[in-house]
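Asker: Letter by letter, the chains look like this.
Protein chains: 2
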Amino acid sequence: MRLFVCSLFVMLPLLGQAPPAARLVSPEVRPDNRVTFRFRAPNAVKVTVNRAGNKPLEMQKDEQGVWTVTTDALEPDMYGYTFNVDGVGTIDPVNARVVPNLLGASSMVHVHGPSTLPWETNDVPRGTVHHHFFKSAVANDNRDMYVYTPANYNPKAKAAYPVLYLLHGFSDDASGWTAVGQAHVIFDNLIAQGKMKPMVVVMPLGYGTMEALKSQRDASVRARSFDGFRDSLLQEVIPQVEKTYHVSKDRTQRAIAGLSMGGAESLRVGLNYLDKFAWIGAFSSGGVPASFTETFPNLDSKANDKLKLLWIACGKDDGLFEANSKLDAALTERNIKHQWIVTPGAHTWPVWRRNLAEFAPLLFGQPKT
Amino acid sequence: MRLFVCSLFVMLPLLGQAPPAARLVSPEVRPDNRVTFRFRAPNAVKVTVNRAGNKPLEMQKDEQGVWTVTTDALEPDMYGYTFNVDGVGTIDPVNARVVPNLLGASSMVHVHGPSTLPWETNDVPRGTVHHHFFKSAVANDNRDMYVYTPANYNPKAKAAYPVLYLLHGFSDDASGWTAVGQAHVIFDNLIAQGKMKPMVVVMPLGYGTMEALKSQRDASVRARSFDGFRDSLLQEVIPQVEKTYHVSKDRTQRAIAGLSMGGAESLRVGLNYLDKFAWIGAFSSGGVPASFTETFPNLDSKANDKLKLLWIACGKDDGLFEANSKLDAALTERNIKHQWIVTPGAHTWPVWRRNLAEFAPLLFGQPKT
Numbered sequence: 000m001r002l003f004v005c006s007l008f009v010m011l012p013l014l015g016q017a018p019p020a021a022r023l024v025s026p027e028v029r030p031d032n033r034v035t036f037r038f039r040a041p042n043a044v045k046v047t048v049n050r051a052g053n054k055p056l057e058m059q060k061d062e063q064g065v066w067t068v069t070t071d072a073l074e075p076d077m078y079g080y081t082f083n084v085d086g087v088g089t090i091d092p093v094n095a096r097v098v099p100n101l102l103g104a105s106s107m108v109h110v111h112g113p114s115t116l117p118w119e120t121n122d123v124p125r126g127t128v129h130h131h132f133f134k135s136a137v138a139n140d141n142r143d144m145y146v147y148t149p150a151n152y153n154p155k156a157k158a159a160y161p162v163l164y165l166l167h168g169f170s171d172d173a174s175g176w177t178a179v180g181q182a183h184v185i186f187d188n189l190i191a192q193g194k195m196k197p198m199v200v201v202m203p204l205g206y207g208t209m210e211a212l213k214s215q216r217d218a219s220v221r222a223r224s225f226d227g228f229r230d231s232l233l234q235e236v237i238p239q240v241e242k243t244y245h246v247s248k249d250r251t252q253r254a255i256a257g258l259s260m261g262g263a264e265s266l267r268v269g270l271n272y273l274d275k276f277a278w279i280g281a282f283s284s285g286g287v288p289a290s291f292t293e294t295f296p297n298l299d300s301k302a303n304d305k306l307k308l309l310w311i312a313c314g315k316d317d318g319l320f321e322a323n324s325k326l327d328a329a330l331t332e333r334n335i336k337h338q339w340i341v342t343p344g345a346h347t348w349p350v351w352r353r354n355l356a357e358f359a360p361l362l363f364g365q366p367k368t
Numbered sequence: 000m001r002l003f004v005c006s007l008f009v010m011l012p013l014l015g016q017a018p019p020a021a022r023l024v025s026p027e028v029r030p031d032n033r034v035t036f037r038f039r040a041p042n043a044v045k046v047t048v049n050r051a052g053n054k055p056l057e058m059q060k061d062e063q064g065v066w067t068v069t070t071d072a073l074e075p076d077m078y079g080y081t082f083n084v085d086g087v088g089t090i091d092p093v094n095a096r097v098v099p100n101l102l103g104a105s106s107m108v109h110v111h112g113p114s115t116l117p118w119e120t121n122d123v124p125r126g127t128v129h130h131h132f133f134k135s136a137v138a139n140d141n142r143d144m145y146v147y148t149p150a151n152y153n154p155k156a157k158a159a160y161p162v163l164y165l166l167h168g169f170s171d172d173a174s175g176w177t178a179v180g181q182a183h184v185i186f187d188n189l190i191a192q193g194k195m196k197p198m199v200v201v202m203p204l205g206y207g208t209m210e211a212l213k214s215q216r217d218a219s220v221r222a223r224s225f226d227g228f229r230d231s232l233l234q235e236v237i238p239q240v241e242k243t244y245h246v247s248k249d250r251t252q253r254a255i256a257g258l259s260m261g262g263a264e265s266l267r268v269g270l271n272y273l274d275k276f277a278w279i280g281a282f283s284s285g286g287v288p289a290s291f292t293e294t295f296p297n298l299d300s301k302a303n304d305k306l307k308l309l310w311i312a313c314g315k316d317d318g319l320f321e322a323n324s325k326l327d328a329a330l331t332e333r334n335i336k337h338q339w340i341v342t343p344g345a346h347t348w349p350v351w352r353r354n355l356a357e358f359a360p361l362l363f364g365q366p367k368t
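Chain order of the listed sequences is Z and W. Count the first sequence with numbering that gives the first Met the number 0 and you get residues 0 to 368, in order. Count the second sequence with numbering that gives the first Met the number 0 and you get residues 0 to 368, in order.
Treat the hints with caution; some may be incorrect.
Since the list can't tell identical chains apart, any single copy or any two copies may satisfy a pair.
Simulated pairs of lysine-lysine, DSS-like, Cα-Cα distance not exceeding 25 Å [stated by the list, open to error]: (1) K157 <-> K194; (2) K134 <-> K275; (3) K155 <-> K242; (4) K196 <-> K134; (5) K196 <-> K155; (6) K336 <-> K194; (7) K60 <-> K45; (8) K275 <-> K336; (9) K60 <-> K336; (10) K248 <-> K275; (11) K196 <-> K54; (12) K157 <-> K213; (13) K134 <-> K194; (14) K315 <-> K157; (15) K248 <-> K155; (16) K275 <-> K196; (17) K60 <-> K315; (18) K307 <-> K213; (19) K155 <-> K305.
No wet-lab data here; the hints were simulated from the structure.
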């Protein structure tokens, strides 16, 4: 007996919808690194593609109702983008690569470059990303965190691993640094090249209360969220990590860094808890509220004895560049040793991937080569 | 000196776009479990919301150009949906919960139910989901897999853990069972209730070649994808898992199960490799191509000595119900012991979450309680 069962791959798509007659390809990365975006919207009046940190590009409609535009050649990188259809933002519905974000997803296009770019996947030993779930007593919710362990991580190694706490920005979730930032790929590459010490990297959720997402203009919610984040980090995340992973408890083997909101959190936690952290990084740091002295009441040049590294970076085209320049000036005025790194770029992930690739090798002394 | 740095939370959204004037709320789950969907599209002619496995619901436009519809009360569950705007499918741009899928993302709405529902997060000990990356020699690509370890997983436990290989459906990626299926939450709950043995669950990528996604109608590509999947599972995934985790190598401690395409893979690998698997599950199985005897050349009632469980389930409203009924008949005709489970529902995740919650407790004998 021949039993015919419906062929495996001629399958209803997940939602039981018929696929569109001609399947659009979008984005299409051309050999010369120009990118063509396509969006089907026969009745729309105006459609643009908005690439993070860039001006919207107007698209043109063809007789099939497909809007198209081709960019100039782009520098190899991974770019976030959305379409704007008559004033309404949306992801690219035919692009499976979605950038997670709690205030609105976007799509991603990867313009591949040479394997020397830190975020390109290479045939090197790969680390693992562990997704942990826990009930936070501080925040009174169920939350998650991600932990990177390097290739060949050995829980019985003679020396405990150094540990970096790496914080995402406002509106990201705990997956931001891996799902968008490619942090695990960057670490794999740098470690394989002997440029970075094998370390454990912890990526917790950066909100002390999830209300912060809805009430970001409410100063009391912001303060409560920061305090809760700090308390959860110190009382819940770090103890859990130190129980689960073979990491050092020595402050000289502990770093904290982050982007945007996470940069501010790194400064506020790191500089106020130098008994716990010796290495601090702030990328495109979101603001330090109120005054320097209120925020860092005990911070003066005596901190230099404890600080192994205070690394502050910002892109020139970032709306926060001026604020970060002022932070540099305030630290200089107080004779607090730090590095002030000015890069090209705006408030976008391409800047933060490069920041991470530059910052991580500075941590915990040179790796043995 | 007071240093004012731009306030942390009054931040450019990720893409530097101005937020819309009035922030839409969509979906809104009402206390009586009706759900209101909203979509802003002032120029659209027709907008529907398409909930997986259901007929599209027409939406009505208000004077602000916002399209709205409210469902009847829904059974507590997690539902995938998309909007269709003048023939173009898209996710809900204001809903951060995106369902990953390689052929087109969708959005998800969670209608919360009692904590006894297996996919609801409870205050129970939580397992961990480990994301592994490796170069596949079989598929000649870089790929990933997820591994669940139960709460209090002990790599030095006296008895090695039993292991379930759990396979996603066509168009899903390796994250499907956790990101959409809530498999890790279901396991946490069942283990905490003493209904399921603590086990390691491996969720690999289900394609032997990624071409399968583009050429699903090409029989030779389908065959190559299946063969590659099988070879990668047996030669790469299982050895890697057995090296990394404290899992048993005894066939009676090894199970394979999956949904749709993954169900077919579970049958084809499991029933042809009874020296490796003793427990097999197929949920809404995508087809067994060609003939039963060609697909399972050595399968007859002697398999009953080796099979601890052959569990085949399908929803009555699934387009594959007839095909699965025939599979049941063919097995019955050959006196191959199996369970044939008919459930309500279509080809959707709500069915597969329930399948998993019913199947997992049957594995590896009763847990000690």
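Asker: How would you classify K248 and K155 at a CA-CA limit of 25 Å: within, between, both, or neither?
Answerer: Both. Shortest intra-copy (16 Å) and inter-copy (24 Å) distances satisfy the 25 Å Cα cut-off.
Asker: Cα distance capped at 25 Å. Does K157 pair with K194 within a copy, between copies, both, or neither?
Answerer: Within one copy only: 21 Å inside a chain, 40 Å across chains, cut-off 25 Å.
Asker: For K134 vs K275, is the C-alpha pair at or below 25 Å within one copy, between two copies, both, or neither?
Answerer: So K134 and K275 pass the 25 Å test inside one copy only (24 Å; across, 38 Å).
Asker: Indicate which option fits the pair K336, K194 if close means a Cα-Cα distance not exceeding 25 Å: within, between, both or neither.
Answerer: For K336 and K194, the Cα distance is within 25 Å only inside one copy (24 Å; across copies 58 Å).
Asker: For K196 and K134, with the copy left unspecified, which applies at a CA distance of at most 25 Å: within, between, both, or neither?
Answerer: between (32 Å within a copy, 23 Å between copies)
Asker: If the cutoff is 25 Å on CA atoms, where do K155 and K305 land: within, between, both or neither? Let me know, please.
Answerer: neither (29 Å within a copy, 39 Å between copies)
Asker: At most 25 Å between C-alpha atoms: does K248 with K275 qualify within a copy, between copies, both, or neither?
Answerer: within (8 Å within a copy, 44 Å between copies)
Asker: 25 Å Cα cut-off: does K60 pair with K315 within a copy, between copies, both or neither?
Answerer: Answer is neither; intra-copy 35 Å and inter-copy 43 Å both fail.
Asker: Can you tell me if K155 and K242 fall within 25 Å by alpha carbon in one copy, between copies, both or neither?
Answerer: Both: 14 Å inside a chain and 16 Å across chains, each within 25 Å.
Asker: Have a look at K315 and K157 and pick one of within, between, both or neither, based on CA distance no larger than 25 Å.
Answerer: Neither way: K315 and K157 sit 44 Å apart in one copy and 58 Å across, limit 25 Å.
Asker: Should K196 paired with K54 be assigned to within, between, both, or neither, using CA atoms and 25 Å as the limit?
Answerer: neither (39 Å within a copy, 55 Å between copies)
Asker: Is it within a copy, between copies, both, or neither that the alpha carbon of K60 lies no farther than 25 Å from that of K336?
Answerer: neither (55 Å within a copy, 59 Å between copies)
Hint compliance for this structure: hints 9, 11, 12, 14, 17, 18, 19 are broken, all remaining hints hold.
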